[in-house]
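Enquirer: Chains as they are written, first to last, in the numbering used here: chain A, 1 to 344; chain B, 1 to 344; chain C, 1 to 344; chain D, 1 to 344.
Since the hints were made in silico from the structure, they are not lab data.
Do not take every clue at face value.
Identical chains blur together in the list; that is why a pair holds if it fits in one copy or across any two.
Within a straight-line C-alpha distance of at most 30 Å, the following computed BS3-like cross-link-like pairs (lysine-lysine) qualify [said to hold, decoys possible]:
hint, residue 1, residue 2
1, Lys249, Lys224
2, Lys254, Lys162
3, Lys224, Lys254
4, Lys266, Lys203
5, Lys119, Lys140
6, Lys124, Lys109
7, Lys40, Lys254
8, Lys162, Lys203
4 protein chains.
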Amino acid sequence: MIKAGVIGATGYAGAELCRLLLSHPQAQLTALSSVSFEGKALSEVYPAYRGLCDLTCGSADQVVDACDVIFAALPHGLSQELAAQCDAKGKVFIDLGADFRLENEEDYKQWYGGEYTDKQLHAKAVYALPELFRDQIRGKTVIANPGCYTTGVPLALAPAVKLGLVETAGIIADCKSGVTGAGRGLTQGSHYPELNEGMHPYKVAAHRHTPEIEQTLSHLAGEKVRITFVPHLLPVNRGILSTCYARLKPGVDKQQVRRAYEDFYKDEFFVRLLPDGQCADIHNIKYSNFCDVSLHIDDRTGTLIAVSAIDNMVKGAAGQAIQNMNLVFGLEETTGLTQMPPAF
Amino acid sequence: MIKAGVIGATGYAGAELCRLLLSHPQAQLTALSSVSFEGKALSEVYPAYRGLCDLTCGSADQVVDACDVIFAALPHGLSQELAAQCDAKGKVFIDLGADFRLENEEDYKQWYGGEYTDKQLHAKAVYALPELFRDQIRGKTVIANPGCYTTGVPLALAPAVKLGLVETAGIIADCKSGVTGAGRGLTQGSHYPELNEGMHPYKVAAHRHTPEIEQTLSHLAGEKVRITFVPHLLPVNRGILSTCYARLKPGVDKQQVRRAYEDFYKDEFFVRLLPDGQCADIHNIKYSNFCDVSLHIDDRTGTLIAVSAIDNMVKGAAGQAIQNMNLVFGLEETTGLTQMPPAF
Amino acid sequence: MIKAGVIGATGYAGAELCRLLLSHPQAQLTALSSVSFEGKALSEVYPAYRGLCDLTCGSADQVVDACDVIFAALPHGLSQELAAQCDAKGKVFIDLGADFRLENEEDYKQWYGGEYTDKQLHAKAVYALPELFRDQIRGKTVIANPGCYTTGVPLALAPAVKLGLVETAGIIADCKSGVTGAGRGLTQGSHYPELNEGMHPYKVAAHRHTPEIEQTLSHLAGEKVRITFVPHLLPVNRGILSTCYARLKPGVDKQQVRRAYEDFYKDEFFVRLLPDGQCADIHNIKYSNFCDVSLHIDDRTGTLIAVSAIDNMVKGAAGQAIQNMNLVFGLEETTGLTQMPPAF
Amino acid sequence: MIKAGVIGATGYAGAELCRLLLSHPQAQLTALSSVSFEGKALSEVYPAYRGLCDLTCGSADQVVDACDVIFAALPHGLSQELAAQCDAKGKVFIDLGADFRLENEEDYKQWYGGEYTDKQLHAKAVYALPELFRDQIRGKTVIANPGCYTTGVPLALAPAVKLGLVETAGIIADCKSGVTGAGRGLTQGSHYPELNEGMHPYKVAAHRHTPEIEQTLSHLAGEKVRITFVPHLLPVNRGILSTCYARLKPGVDKQQVRRAYEDFYKDEFFVRLLPDGQCADIHNIKYSNFCDVSLHIDDRTGTLIAVSAIDNMVKGAAGQAIQNMNLVFGLEETTGLTQMPPAF
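Chain A on its own, in the form it takes in the complex (with noise of 0.2 Å):
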């Protein structure tokens, strides 16, 4: 059994890591730690879990020590120090932050306004999305685990780039995420009855995930890509559903986009592409690990519109992470998350 451990244990994404973790055959929660519940359970933090993990809350040196594997769920700039920490005691660490997302350090004091400390850690983190980077991971021990948006939109648009059956200039992507993605603390925005029965973007064409989002469509299509990327706040409280619009390159058709999505995708067990006529739904990947994909042209202006849905908790976050820890410590991919969305 694999000792797992999660640092930032009752924030959203490291308490749906505690819940995915507990069901994992192969790997065991061990310890947990959490800056503003210290002492305390976190099943006194989410009732939900009593009965299933009354694991303390301990201090982030305790969960690094007993731990093979440590899962790093916190506001970005902290994870540095802890990830040259778990390398120097040879420890796995899986970073659910953005501190070692971007390859380009410039990118990172933009967006960010931090810098890397420790240039050389950088350069032995893997930027960790399974199904377009699978060969880069394996064999890493500092894992940068992608972001929501940035899994939801590169899956929806993967193979169009990468087989050059678009144009890259003039992407777009039209995001809508559940409320959990901006986490347990509360705001204004988050407050239910100001959420309820609203609708809006939010940090458009400024959102932090932007340059992570281009940096892996960049090396799908071996160019640099910009894209306009619009996150809005829907009144739900899982699931990201990603609108992407692409111009075809011509003379592209919809059967060629449909073979090279099949082909590209066959032997993904978590991407889902549906058949035509059908469009993806939150609805259908709440609490799993799958990304639905559907593919749609528009003939009348040569748009290829394609949509992914994620559970921004799951495969844009906590399952993701799963799944990378697999990988890097040699598991069947899917161990531990093959749970089936309900239907309802």
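Put chains B, C and D on the given structure of chain A with help from the hints.
Expert: Just chains B, C and D, lined up with the frame of chain A:
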């Protein structure tokens, strides 16, 4: 007092017309009809109305005879005959359906599968989006009230398109609608457990509002405009958020766009142009005839992102129909439509 | 025109007062105050109000000076001084807080922990639930506006209790409230992801509205009444459903109960007694001042089940306050309060 | 591996059975049937299941022949014949419908309008609420799985009733259910715009679960118990909250009640007795087989308020059915049912 009647009063748009007409100071809700509920009081169908509107549903003929203005809220294809009847009797006919909206009969054939049986009547009709076509509406008696998406999208884009600030090729309208837009009829998609906590696109690049939006934008641009239009279904009752993307023409900057919108809408009571930094939200226009518009520029890609929020049942249907009635009868355009959107 | 002012205008009850006063034909919203947002326009706090209420929040003193009637929507304990100030200046004071509601100071001490600093002022105050105590309200200038549960429960039970149709021992009020009742302040319990898809009781048999409900029922019964009161939090914005249980006295039958209610409420515009077979639903009274009441008899156990539905922000707060203003100023009691509840 | 089959697999309870059986380590979902969708894959009806359960729906006969245990999720009246068929072939039959739940045929006639065609078969059946009747279930092959309300209410009250701590006269169960309890069939009441933001009771003191709850409580009390039972419809997908009121017998105090519950449930994995001061919440048991119970005493009126929360589709239907399967087949009772309720 204008005697107003509603045909199709028990559908959602019809019921909303009744609610708004009942608080109109210069109109009197005089007669209702409903095929499904003939002989029943409206308040039996909608108990919310008990004590305030206990009118009984009669036949369409009764409504036409009793009223000065007849609002029809019917499935498409049923309005043409009714319009002819009203026209013959010198009544004002305001159609909330699609039968008179498309100027080009070919478009109607292609998207709705019907034809224009009385071309003279169609020639008398006017497409009545007051903020854009006010001058053509006055004096008319066959009024084609716009649809919901077809109000929200043009109001988001009109100043930019009219003034040539954006390329007319490649415009994308990503719209999110509350479920009342789908009406009172029962469907699996509007069954509570299947819509709740869900979100998905539908009729992707194939929705009948496409040619209607294009018709309006083409008039504004003075050239044929094609757009990519993708509607989504939201788990809320009311509201349409339209996130519209258009490439800025070279040299157009943020200030220029803002000034154009400010100028274009400076006398429009129902269009609220939000200050820089705010985002349109359906939460803020519910139960009102307002259209909130927010402007965003993506400098990195040269894209205008114009977002509008309307209540699909008010500005997107019944409210705008009353606004048109006011126009046609020479009343102050805002009469009976100054309800304040609740803060929550 | 009555000059009306709102102290505590940026809380939920205050904001709702502003919305309703702005559509009142014989009152003018003249001045606002807010401690948290002094100097800000109300529409900055609630963008829904933009263009319709851009009044700036000033100080409480400014409101008192500028207005004929002052509504206070403040946390308990803050109204006593304000009431004295209004009284001294000959202004009408309508308190939406709890400071003047309990006739027995001991109750106030026990449940709120404060005391009555100015007993003379308390002697001038009147508990103002118009349908039950109308005659005592006219001519008063210190008005204690009832709370939300304390409106819904008595209106469900009043005829039965007043006419002695039920035992006054063993009455149970199981109430379900929308979350606006908890106000604008942020709490974990009103954080969207934690309330959404949830439902739980709170302050079980320990809610401060208990003595207030008992005071009203005791007046009606002519004897001391104690009840069991359990409030629950609903994942909706507005509305309180009160399901009230009382044992029928021997020999009392269904027809007798129905006739009693019909007679008791026959002249009450705001109380809608539903026909047999229908159930009160918060869906049908939203945004209105109505109280829907449905009656049910459990013959098997001899129990009256009386259910009421009110909008907690309107009949349960701001609407009733305006109803009281109308009464005090000699206006038609329904003035400005005939908004139709939307059907959806 | 136990071969398990589901008859009525495309209804909500049937679909939930499939979800849970697919993660059961000692059962294999072997065959499905559906009258409405025969010949279709379950994943065509519920796209959430794509890739994990693409079994095709066949006939009921095929299910009976292929399986060791047959779960029936059918409207009442259809199970008797099926049970006989299973009995004749030596198969275990677990009925999620009502046909075998009531011991007294007169109750069945009165509340359901049918009769018991095969009295011998009824004699073999057992009412299977494991926490209360475990010993009688083992060894049986015709299993009447309780309904949803009829699980939640008895689990809230059992210790108090069994141990005689409360009066059995005057018990009130005020229950609030998520809408999946009403099933997949379309109704106006579950049409999204009409349920959303609503809340109302239904079948007040007239719901068919009344005699079933009374049967269980009567067994516990050792005397005939009658209750007042009022169900309400909640705008959430899952969960039943049961707020149960019973008068404490003279001299019974809080500690006594608490100890009784602690003792009664000390070995029950699925019943989580919450600490004093916490309240049961459907938010905390979603998608799990748990029943959370909180206890509250109203000292002022001598009332026990016991509140339970279950997921109506799991502990209130499919999960409990699998718990019964485990019991019947001699497996650990929790097998396949230890899913953690998500924290949000």
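Enquirer: Compare the structure with each hint and give your call.
Expert: Hint-by-hint comparison with the structure:
1. Within a single copy, Lys249 and Lys224 get their C-alpha atoms as close as 17 Å, and across copies as close as 22 Å, so both meet the 30 Å cut-off.
2. Taking the shortest alpha-carbon separations for Lys254 and Lys162, only the intra-copy value of 16 Å comes in at or below 30 Å, while the best inter-copy value is 34 Å.
3. Proximity of Lys224 and Lys254 under a CA criterion of 30 Å is satisfied in both settings, with 26 Å inside one chain copy and 25 Å between copies.
4. In this assembly of identical chains, Lys266 and Lys203 lie within 30 Å of each other by CA distance solely across copies; the values are 26 Å between and 35 Å within a copy.
5. For a Cα distance limit of 30 Å, the shortest separation of Lys119 from Lys140 inside one copy, 16 Å, qualifies, whereas the shortest one across copies, 67 Å, does not.
6. In this assembly of identical chains, Lys124 and Lys109 lie within 30 Å of each other by CA distance solely inside one copy; the values are 19 Å within and 62 Å between copies.
7. Taking the shortest alpha-carbon separations for Lys40 and Lys254, only the inter-copy value of 27 Å comes in at or below 30 Å, while the best intra-copy value is 55 Å.
8. Taking CA atoms no more than 30 Å apart as the test, Lys162 paired with Lys203 passes in both settings, with 28 Å inside one copy and 27 Å between copies.
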